[in-house]
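Peer 1: My request is simple: use the sequences and hints to build the entire structure.
Protein chains in written order, with the numbering used here: chain A, 1 to 113; chain B, 1 to 111.
Since the hints were derived computationally from the structure, they do not count as laboratory data.
One or more hints might be untrue.
Here are the simulated SDA-like pairs of lysine to any residue, each with C-alpha atoms no more than 20 angstroms apart in a straight line [claimed, not checked]:
1) B:K98 / A:K9
2) B:K56 / B:A78
3) B:K98 / A:W95
4) B:K57 / A:P101
5) B:K98 / A:M41
6) B:K106 / A:N65
7) B:K59 / A:R44
8) A:K9 / B:P39
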Amino acid sequence: NAGVTQTPKFQVLKTGQSMTLQCAQDMNHEYMSWYRQDPGMGLRLIHYSVGAGITDQGEVPNGYNVSRSTTEDFPLRLLSAAPSQTSVYFCASSWGTGNQPQHFGDGTRLSIL
Amino acid sequence: TQLLEQSPQFLSIQEGENLTVYCNSSSVFSSLQWYRQEPGEGPVLLVTVVTGGEVKKLKRLTFQFGDARKDSSLHITAAQPGDTGLYLCAGTQGGSEKLVFGKGMKLTVNP
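Peer 2: The structure is reproduced here in structure tokens:
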């Protein structure tokens, strides 16, 4: 089983550029979420979705957009990249909601110059 | 303000030693999860605790949920180099759909 697949694994952007981080899961999970991980900060929730067509904000949503058109895919869009968005981004999925075991991808390492 | 405070943040010990890591909050959680993360990978679930006072064991790891469901601990007996990693606690509150994480405890076990 592929589980949760994130692409790309690494990306370097210039300030002001836009890009989309892809996340796909093959477990038919309803709940999907995006976190960013910075040194000494743990994981902080950006956006989450409880099912296709439904998204909501987490702790740090500013500068990011999401959509959920299918159960399998949950892309994260950076509208105008800023150096403060340099981070490692993790996508996760689960049955039910946040109180269920989360299955994480291997992350996307993003650098904004 | 961090909802879940983990301590210590860093720990470097010798193989065979015991250790305890704490996850504390002033808020009540409906459940707490513990994850371990290795460099270059995503976190992997170790255990979920849902009942106040609950104790769960996973080989040399013992997890406890506080009676008031505001805190949790992870105790590792006879640590091994393979235990090295970042240990994260995470929880949900009430009917919230959001899972929030602590900052983590970076453990290094030296041979």
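Peer 1: Work down the list of hints and note, for each, if the structure agrees.
Peer 2: Hints, verified against the model:
1. B:K98 / A:K9: violated, 25 angstroms
2. B:K56 / B:A78: Satisfied, since the Cα-Cα distance of roughly 17 angstroms is no more than 20 angstroms.
3. B:K98 / A:W95: holds, 13 angstroms
4. B:K57 / A:P101: holds, 17 angstroms
5. B:K98 / A:M41: OK: K98 of chain B and M41 of chain A at ~17 angstroms, within 20 angstroms.
6. B:K106 / A:N65: Outside the cut-off at roughly 31 angstroms; violated.
7. B:K59 / A:R44: Violated, at about 30 angstroms.
8. A:K9 / B:P39: Given pair K9 of chain A, P39 of chain B holds - Cα atoms ~14 angstroms apart, limit 20 angstroms.
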